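Letter by letter, the chains look like this.
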Amino acid sequence: MEVFLQQLINGITLGSIYGLIALGYTMVFGIIGMVNFAHGDVFMVSAFIALIALLLLTTWLGITSIALILLVVLIVAMLFTALVNWVIERVAYRPLRGSFRLAPLISAIGMSIFLSNFVQVTQGPRNKSVSPLVQGEFVLLRHNDFNVTLPYKYLIIWVVTAVLLGCFWYIVAKTPLGRAQRACEQDQRMAALVGVDVDRTISMTFVIAAALAAIAGTLYLMNYGVVSFADGFTPGVKAFTAAVLGGIGSLPGAVIGGLLIGLIETMWSNYVSIDYKDVAAFSVLAITLIFLPQGLFGRPDVEKV
Amino acid sequence: MSKKSDMAPHAADKRVDIGRALKDAGLTALLSFALFLPLIGFLTVQDFSNTLVLTTRWPLLFSIVAVIGIGRLAYALFLAPWLAARAHRPAAPPAAWRAVAGRWFVPFAIGFVVVYPPLVIYTAGWGGAVKWLDNFGIQILIYVMLGWGLNIVVGLAGLLDLGYVAFYAVGAYSYALFAKEFGLSFWILLPIAGVLASFWGILLGFPVLRLRGDYLAIVTLAFGEIIRIVLINFVDLTNGYAGISGIPRPTFFGIPFTANEDGFAAVFGLEFSPVYRTIFLYYLILALALLTAFVTVRLRRLPVGRAWEALREDEIACRSLGINTTNTKLTAFAIGAMFAGFAGSFFAARQGFISPDSFTFMESASIVAIVVLGGMGSQIGVAIAAIAMIGGTEIMRELDFLKVIFGATFDPTQYRMLLFGFAMVLIMIWKPRGLISTRDPSVFLKERKTISSDLVGEGRG
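So the protein sequences, as listed, match chains Z and G. Per our numbering, the first sequence starts with residue 174, numbered consecutively. Per our numbering, the second sequence starts with residue 36, numbered consecutively.
I should point out that these hints are in silico values taken from the structure, not numbers from a laboratory. Just so you know, these numbers come straight off a predicted model, no measurement behind them. Virtual Cβ for every residue (Gly too), placed ideally from N, Cα, C. It cannot be assumed that every hint is accurate.
Claimed, not checked - Listed next, the stretches of chain Z that the computed footprint assigns to chain G, with coverage defined by at least 3 CB atoms under 8 Å from CB atoms of chain G:
hint, segment
1, 215 to 223
2, 251 to 257
3, 260 to 268
4, 291 to 304
5, 315 to 328
6, 331 to 338
7, 406 to 418
To be verified - Have a look at the derived ranges for each label pair, beta carbon to beta carbon:
hint, chain 1, residue 1, chain 2, residue 2, range
8, G, Leu95, Z, Gln359, 44 to 50 Å
9, G, Lys58, Z, Ser376, 19 to 25 Å
10, Z, Val399, G, Thr90, 15 to 21 Å
11, G, Phe445, Z, Leu178, 50 to 56 Å
12, Z, Leu328, G, Ile237, 45 to 51 Å
13, Z, Leu469, G, Leu356, 34 to 40 Å
14, Z, Gly297, G, Arg432, 19 to 25 Å
15, Z, Leu328, G, Phe269, 52 to 58 Å
16, G, His123, Z, Gln359, 49 to 55 Å
17, Z, Trp331, G, Leu95, 38 to 44 Å
18, Z, Arg299, G, Asp271, 53 to 59 Å
19, Z, Leu244, G, Lys58, 33 to 39 Å
20, G, Ala109, Z, Ala335, 56 to 62 Å
21, Z, Ile460, G, Ala322, 39 to 45 Å
Claimed, not checked - Example chain G residues on the side facing chain Z (calculated, C-beta under 10 Å, incomplete):
hint, residue
22, Asp249
23, Pro467
24, Arg468
The whole structure should be built from the sequences, with the hints applied where relevant.
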């Protein structure tokens, strides 16, 4: 029971990170119907940007206030990652919009290879590790030798995720930008006819997706304290799994899917086999697509002839 | 805008607005500065006490920004007007030499690859030939074969498979394990590897019958990764990360390529040289690749091949015409996987060592990239794309002269995959339907015409 509770806490933490990445997949898929294969690598790039900002603040400027560091690192990572994704959309996806359907997917795979190798070439192939920023934990339960703990960093991850998801929900639900986005999702041509700037809306979708990935990247770095150029692929596929499980195109679905994948992964590692934990996530992906292709919250895909 | 106002009015749109170009270039430079500031401007390194510290690379950052800014300016001032002028010119009718070249291209290309080994030995000598045959011959031909094999699944049947490398792995491991454990020969194991791979093709094909397009791609990717994870963790069978070494090498119909008395060189009264084995392997993979191409060409004329292409163009129409889409899809998966199995057992025999590292998602992505960049369904296009992409990345190993320019620590090989990814994006933007986008019909009424890519369906898969 105690172990289960601890794994629940771990799973929710991991799941929040997956959920944030999954939102990026689901938003981009919703608006241009494309699996943004490079999104996992954008997440990895954001973790590197966060790492550099963190080192800049701690070693060069000597700032010690954790709250200030976290805030600045988050903002810097979000800004620069948003810029990266904006440029990627302009360079690699926009020229292919409305083209042969596989072309953007191949372009995105190329971009994913490019990004991970770019980081490998510029920052080196080794794992980059930093000393943990936040230490300490609450002890929730004591039972014999086993303590159920809630580390402070998990709490920070939960709070940051919840607050920023709230902001994100506000943008999508209440602002003109969010309205334009939902309009483009439903019918791009009609949206253009009623005066929505489709190109700008799609660009902004990539910017928001990148900002969410950057939050995930920063939290990932804070949680694990280590990042390498190859860290984009597996979280990327798992986050995509989360998006599919929740129903691709559905925003709450992506978050819930992320939490579920995080929980499945931690429970599987604990109770079944840690070596095969990636198999669990990938199997969930296959099983969902085969038996429940519209996901938990998605609309069924009706094909008109 | 005003400097050249005395030009003829129709040339007005060709004038270059220098002010705007400068502003544009400045903006681009500023953007690239912001873009590259974190990852190029700063470098994270481990210092002597193993903690991460930041160092800066301002000169590198500023030179890259300057190159991008100047490049953008040059584009706006020279390239863009030239492109605009070219766009106004009427398209020239296809020259007669093109038709002739088209007809003679395939025989010439096959002739060239057949005489390639003697040609290389003649020019590079016995010592230098191994590298050219191995890196630029065998390596490229493996990918040509894999490309042609995947072309059946992606190009003909329109099923986007991102886990193709799994079947390659099945072929490689089945050869490695059977050859090591039971001592069976390459020629017996080649068909067995093919059968096992196609069995896996059907097994993994069943669950994904209902999926299409991107979804199919992602699920096949997941299957590919699952097989790789199993290869890593099933240590009793596969020896995990360490891989399998000491895999028996193929023999020339029972005669091994060794320096012994019964070796190839001794039997034929030649001086021993490792080149013989390389030449043999070269012709072996050439024969396997040509077999793949030949089978594909013949299959396209059979009902099953026509069903594949019909499936690619429109699955619903296909089903309403009474085509059994289940069988059609499964045969495509099985036959595509079979060729990957052949290629895999060749790979294991050539390397003598295999490990899960050889079967990563990158391999699948490269093969899919080759098929799509070449033009789905076009065998010549796939071959050209394989030569360009694999040969191009292999050639990066040979660019030692760049060390003179960039300093001794410059290592061109680490930029291979970087440029590979970038080339994928560029080729897609330049030609979204691949290098050869026309389709050759297998049925025609009176005369044989190629079908322009505009008339071809999307290949929804």
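Tested hints:
Given a C-beta distance limit of less than 8 Å, the hint that chain G covers the segment 215 to 223 of chain Z holds, as 3 residues qualify and 3 suffice. With 3 residues carrying a beta carbon less than 8 Å from a beta carbon of chain G, the segment 251 to 257 of chain Z meets the three-residue requirement, and the given coverage holds. For a cut-off of 8 Å, the count of residues in the segment 260 to 268 of chain Z with a CB near a CB of chain G stands at 4, and the three-residue condition holds. For a cut-off of 8 Å, the count of residues in the segment 291 to 304 of chain Z with a CB near a CB of chain G stands at 12, and the three-residue condition holds.
With a cut-off of 8 Å between beta carbons, the segment 315 to 328 of chain Z has 0 residues touching chain G; three or more are needed, and the interface restraint is violated. Under a criterion of three residues with beta carbons nearer than 8 Å to beta carbons of chain G, the stated coverage of the segment 331 to 338 of chain Z fails, only 0 such residues being counted. Here the segment 406 to 418 of chain Z counts 5 residues with a CB under 8 Å from a CB of chain G, which clears the bar of 3, and the coverage holds. Hint check: G:Leu95 to Z:Gln359, Cβ distance near 46 Å, so the stated range 44 to 50 Å holds.
About 21 Å separates the C-beta atoms of G:Lys58 and Z:Ser376, a value consistent with the hinted range of 19 to 25 Å. Taking the beta carbon of each, Z:Val399 and G:Thr90 are about 20 Å apart, inside 15 to 21 Å as hinted. Between G:Phe445 and Z:Leu178 the C-beta distance comes to about 54 Å, which sits within the given range of 50 to 56 Å. The hinted window of 45 to 51 Å between Z:Leu328 and G:Ile237 holds, with their beta carbons roughly 50 Å apart.
Our hint of 34 to 40 Å for Z:Leu469 and G:Leu356 holds, since their Cβ atoms are close to 36 Å apart. Under the hint 19 to 25 Å, the C-beta atoms of Z:Gly297 and G:Arg432, about 20 Å apart, fit the expected range. For the pair Z:Leu328 and G:Phe269, the supplied restraint of 52 to 58 Å is violated, since their beta-carbon distance comes to about 39 Å. Restraint check, G:His123 to Z:Gln359: a C-beta distance of roughly 39 Å breaks the suggested window 49 to 55 Å.
For the pair Z:Trp331 and G:Leu95, the beta carbons lie near 40 Å from each other, so the given range of 38 to 44 Å is met. Taken as a hint, the range 53 to 59 Å is violated for the pair Z:Arg299 and G:Asp271, whose Cβ atoms sit roughly 32 Å apart. In this structure, Z:Leu244 and G:Lys58 meet the distance hint of 33 to 39 Å, their C-beta atoms being roughly 35 Å apart. Distance hint for G:Ala109 and Z:Ala335: a CB-CB separation of about 50 Å, inconsistent with the stated range 56 to 62 Å.
Checked against the hint of 39 to 45 Å, the C-beta distance between Z:Ile460 and G:Ala322 comes to roughly 41 Å, which is consistent with it. Hint status for G:Asp249: holds, given a least beta-carbon distance of 5 Å to chain Z, under 10 Å. The interface hint given for G:Pro467 holds, since its Cβ lies 4 Å from the closest Cβ of chain Z, which is under the 10 Å cut-off. Checking G:Arg468 against chain Z: minimum C-beta separation of about 5 Å stays under 10 Å; hint holds.
Of the numbered hints given earlier, the model fails hints 5, 6, 15, 16, 18 and 20; all others are met.
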